[in-house]
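Q: Here is how the chains run, residue by residue.
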Amino acid sequence: MAEMVQKESGGAILNHWALAISCILLMITGFAFLFHLEWIGSVFGGFNTMKTVHNWVGVIFSVSLVFTMFQYLGDSLKYDADDAQWFKVAGGYLSHKVKVPPMGKHNPGQKLYYLGIALFGLLIALSGFGIWLMKENTTIMLLSHLVHNVAFVFFCIMVPVHIYLSTLANPGTLPIMLSGKVPLALAKKRYPKWVKAMGKM
Amino acid sequence: MANNTKNRKAILVTPELCIGCRACQVSCKSWNQLPGIKTHNSGTYQNPPDLSNTAFNLINFIEMPSQENPARWLFVSRRCMHCDDAGCMKICPAAGAIYRTPEGAVAFDSDKCVACKLCVNACPFDVPRYNDQGKMSKCHLCFDRIGSGMEPACTKTCPTGALKYGDRDELVKTAKVDGFSTIYGENDLGGLGAVYAFKEAPKLYGMKENPVIPSSVIFWHKYLKPLSWIGLGGVVAAAAIHYLAIGPHKDEEV
Amino acid sequence: MTNHWIDLRNADVILAMGSNPASNHPVSMKWVMKCKEKGGKLISVDPRFTQTSAKADLYAPLRSGTDIAFLGGMINYIIEKNLYFKEYVVNYTNAAFLINPDFRGPADLDGLFSGYDAKTRKYDKATWSYQKDENGIALKDPTLQDPNCVFQLLKKQYTRYTLDKVSSITGTPKDKLVAVYELYGSTGKPDRVGTECYAMGWTQHTVGTQNIRTMAIIQLLLGNVGMAGGGVNAMRGESNVQGSTDQGILFHILTGYNPTPNAALVDLATYIEKTTPTTKEPGGVNWWSNRPKYITSYLKAIYGEAATKENDFGYAWLPKLEVGQNCSWLNLFDAMLKGQFEGFFAWGQNPACSGANSNKTRAALGKLKWMVNVNLFDNETGSFWRGPGMNPAEIQTEVFMLPCVSSVEKEGSISNSGRLAQWRYKAVEPIGQARADAEILNDLHFAVKELYKKEGGAYPDPIVNLTWDYGEKDAAGKVKHVDVHKVAKEINGYYTADVYDTKVDPPKLIGKKGDLVTSFALLQADGSTSCGNWIYCNSYILKDGKEVNMMARRGKEDPTGLGLYPNWAWTWPVNRRVIYNRASVDLNGNPWDPKRPLLKWNATDKKWEGDIVDGGPPPVAVSGKLPFIMKPDGVASIFGPGLAEGPFPEHYEALECPLEENSMSKQRINPTIKIFGGESDAFFSCDLRYPYVASTYRVSEHWQTGVKTRHCPWLLEMQPQNFCEMSIELGKELGIKNGDMVKVSSARGEVQAVAMVTERFKPFNLANQTVHQIGLTWHFGWQFPEDGSGFDSANMLTPNVGDANTMIPESKAFMVNVRKA
Ligand code: HEM
Ligand code: HEM
Ligand code: SF4
Ligand code: SF4
Ligand code: SF4
Ligand code: SF4
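Just so you know, the protein sequences line up as chains A, B and C, in that order. All residue numbers for the first sequence refer to the numbering used here, where the first residue is 1 and numbers rise by one. All residue numbers for the second sequence refer to the numbering used here, where the first residue is 1 and numbers rise by one. All residue numbers for the third sequence refer to the numbering used here, where the first residue is 1 and numbers rise by one.
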């Protein structure tokens, strides 16, 4: 067995999946609301239970979102010259020929992705609570409704990208979120600065 | 919407003929078996003060100054307008909670309503109301009566013809022939299912001048909604193309 | 109503004065609005700008209690401007009749008529009579010039009602007076018709009857009586009040408006002689000359086999009034307070709230030994002993509650204001222990009869001889259940023997014993017919061998296009929809207004076409018979000596009024009213403590004292509480804001209400003072809603003084104070 390094803690993994599953559930039920998809509704035994599910899963999502802040926020706010170069080569996703600069624990795409999730997650959560709990105020209701849906559009676009990149586009990434570990060899290639920082390189 | 059809039904309200007897309020309660509301007199005949989840229609008593007389006293019937372009229907997230009947009425199904209370905010006329469980209710044009060939309870009861029910085109035509210069709701919001015949400016009768669905709702409906599935679909497609055309990262390349 | 509800749509001008149909008779407004849609005009005259005023083409305010001044001014205007319909006035009214030269009127006697006795507060009417020739026929001057003719006397009295004078009394701006007079006066043309709708706004005054008389005079001057779209129309306050007066519920009449016998009318012959009018006028049909047939058939209906020619058909068994005795409401309760009653059936009523001066009424109830409350719900009457200010420990009255069913829980007929008797089916089964009134009466009847049979009693005959053939009997001879059809048929009448037409030879059989009589024209004075109520004869007939309930008919045909709907239910008399309809045609039988041909004489076929003709005779030019068949002279009475206070109405102030004097004359109040002098009968005029005029009225949502409607949460939701309407000006003066709680008090009591401070009420500017008026509803009572949130009845305030003829209390004009609660 190749040597493994710990990239994600157990808690982080747990939280990621809480966030991911709740988010996907919310999106599915959200879609059902938006387009009156009765077949989805019937999976939940009608729109009424689906609404309850959506609201309470929303709570899980929100709590989980708060936890991610401790895990990713700091890191996601730091960028260096390599990160700038990373953008120039589009992360190497458009061509396998270009040279991708050395990366830390997360590449700037991931960092930005996180910032997006944090921001729009906050918006969708706040607006969601607005719709849920501030029913007597028309301005809040209408604003929340708008914001909720603007954020939803973001989720519709970003979440599939993230899933694709963490699975098919980058084989070997998924196991990180399953075991938290990554083979040292692979880590050296992908996250050289991080490995260096850990003193393993 | 597909409801400007020949057989669209409507209520024609003619405040000029209304005598403020409020038989319409009672008949609605009676037909719908709505409980009485504990009210108090607040210095006006109007009661309950506003529409409620157990008061689907209401006579507004409007007192205003007059040259000729001590006052002018107008009686204006209020209820759901059964908009062709109905804000409530647009915004409602629950399938089947608000629906259009073949006659063009905007009816509701409490069982399907998820009590989100979004609809009143999208209604240009501040109509939907909610019960303790948050379930919406409002005038449904007596969908159950008109669906079996009867007329709504309120129009049936109205002694003077201030409320009339019939084919929408027909009602609008006769109101014009009868000399009513303003047919409120003829074209607003795709044409209302409760049209008003006025000889004076609708504003006088407390009617909103240009009723519109809130622009955010329109924006959301027109752009955001499609964008969410176009976005999702687009991204999934792009990922597929990427996978096939460029392919995943190979660790060897790094 | 002389006419009927639908007929309102046929008018050119509708005067709603003394009524607020939009609130109180909303269904009538259907026809009023139809009339307006066709170009008709609605005038509303009311102290307050009402829902009706809101729909009116012309609104004029007037101070409560000044209707005669207002209308007197109209008479003056009509005569002065020559707006009257001369041909009609000369031929169909007594305008041309010459009056006793000794007759004097208010113009001569400062507000009084000749013959007044201040001690008895009554008139000797000797001078209120016609000049007659040697044959007993009244002298007439068709030119209307003779100073003693009715027309000239009328003119003399009402020239005093100038615009200035009227305006200074009523508080109506002069331009409004002229506008109303002008518009209503326009109906004096043959092809224009005006109708008047009145209700309690006219009757509930000490001059109530005369209010209506004044309008009757106007309608006659303008030729509006008998016409489609015309008439003087009483909008009844209850759905079946017409039925109740028709069926003799009032103390002074038996069924069909036959007078109640009194002690001086010792036998049937005397009764007939003294109560049957006679006339020498050749044009008089004098329908009341048929009284003998009607009273005899009535006696046969109630006493059946027991009524024989030998025993005067049981006339002696009828209860008799003392001569001059008045048993109307106010007197009954006065007597009750004085302890003159042991027991009382409060049947379908709520006197503790409905009677004027509730405190007196409630105190009177406490003087009873027992009371039976027959009602849908317990009410302020049944529970009076635990009401406000009562000490249950001191009250000995034993109260029995008999729950009865509502009108939709039983079958029967209802007679509306248009005299239309409509049969109703039973819609739902009664709930709980509730029983139909007829069933309760049935038990009561047999129980009392049984007692009389067993114990004898002082005078058992009137009871033991009563027929009671209303259904299948049990072994003991008691009717098990009342079959209302049998009651209806008894009212219509039967042949009690075979009746033959003896004018032909051989005599032709008209009716077989046991068959229903088809028309009151066939009733007999010899006991061979029975009829519970002659005006209802024809309501349940025998047709082609089958008994037909005419009241249950539902035909929707309208052959005249005037909305008579002759096949819908049934109208008394004999299905005539407009009474005095022979006055709608000229002497030759052609309609005055060809656009509204209620009747037309077909000269070729020699028959009338249209409505059922009044009385039957051909046109005046052919038969010589005049149209007003119920009047002995055949003409309508502009000069009407029948009433207590004079043959022409004169303006008097209300008993309680804000004015020191009546600017019309020295006679401030109606000189003939009865004034109770008891401790509880207080009244104050021009008293600083009670400076504001008040009126009580109703709203659409509630019915009478509200017992039926207050228990309906839907109605209570719309009108939950007693309210007091007042002007912005008065509100300012008293520091009362809209929605504030106020206390309103009068010499007799106090009641709480919510203030409704509104532009719709305006102060009245009179000659040299400003008068404020307020108004309250009288639908509420302390007993329900149980939390007292509705407040008590406005009748806590009203005076127990009545009209001089009818004793209807003056609840439309009295004095109060208002303060913030
Ligand atoms: C089923 C689908 C998903 C898979 C397979 C997946 C997989 C992963 C993997 C492998 C990582 C770690 C990447 C790394 O450390 O380099 C990651 C990170 C992350 N994922 Fe997911 N994920 C999924 C769905 C979601 C969803 C729906 C969300 C929600 C909003 C989400 C939010 C995040 C966040 C915030 C991170 C933090 C790291 C970053 O900035 O990328 N994931 N995910
Ligand atoms: C990633 C997270 C979420 C997504 C994608 C999402 C999506 C949606 C969508 C599409 C709708 C229906 C569209 C509409 O009519 O507005 C909706 C409705 C709603 N969402 Fe969310 N939502 C998310 C999170 C939340 C959260 C965190 C809450 C809050 C607790 C929430 C509460 C609501 C509420 C109350 C509604 C209104 C409809 C209803 O009550 O069922 N949502 N959401
Ligand atoms: S009036 Fe309001 S509730 Fe009625 S159909 Fe229109 S938007 Fe819906
Ligand atoms: S409250 Fe009910 S009807 Fe209104 S939008 Fe929500 S689900 Fe639809
Ligand atoms: S149409 Fe029916 S539901 Fe609507 S107000 Fe009239 S009676 Fe009520
Ligand atoms: S029933 Fe007709 S007339 Fe009466 S208040 Fe209602 S709309 Fe007006």
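Check the hints yourself; a few may be wrong.
Unchecked claim - Chain C stretches covered by chain B per the calculated footprint, using a threshold of three residues with CB under 8 Å from any CB of chain B:
hint : region
1    : 22-28
2    : 702-716
3    : 756-764
Note that these hints are calculated values from the structure, not bench results. Using N, Cα and C, we set each Cβ at its ideal position, and we do this for glycine too.
Q: A separate judgement is required for each hint: does it hold in the structure or not?
A: Hint check:
Remark: the region 22-28 of chain C is confirmed as covered by chain B, as 4 of its residues place a Cβ nearer than 8 Å to a Cβ of that chain, reaching the required three. Proximity of the region 702-716 of chain C to chain B, defined as three or more residues with a beta carbon under 8 Å from a beta carbon of that chain, is established by the 5 residues found. Remark: the region 756-764 of chain C is confirmed as covered by chain B, as 7 of its residues place a Cβ nearer than 8 Å to a Cβ of that chain, reaching the required three.
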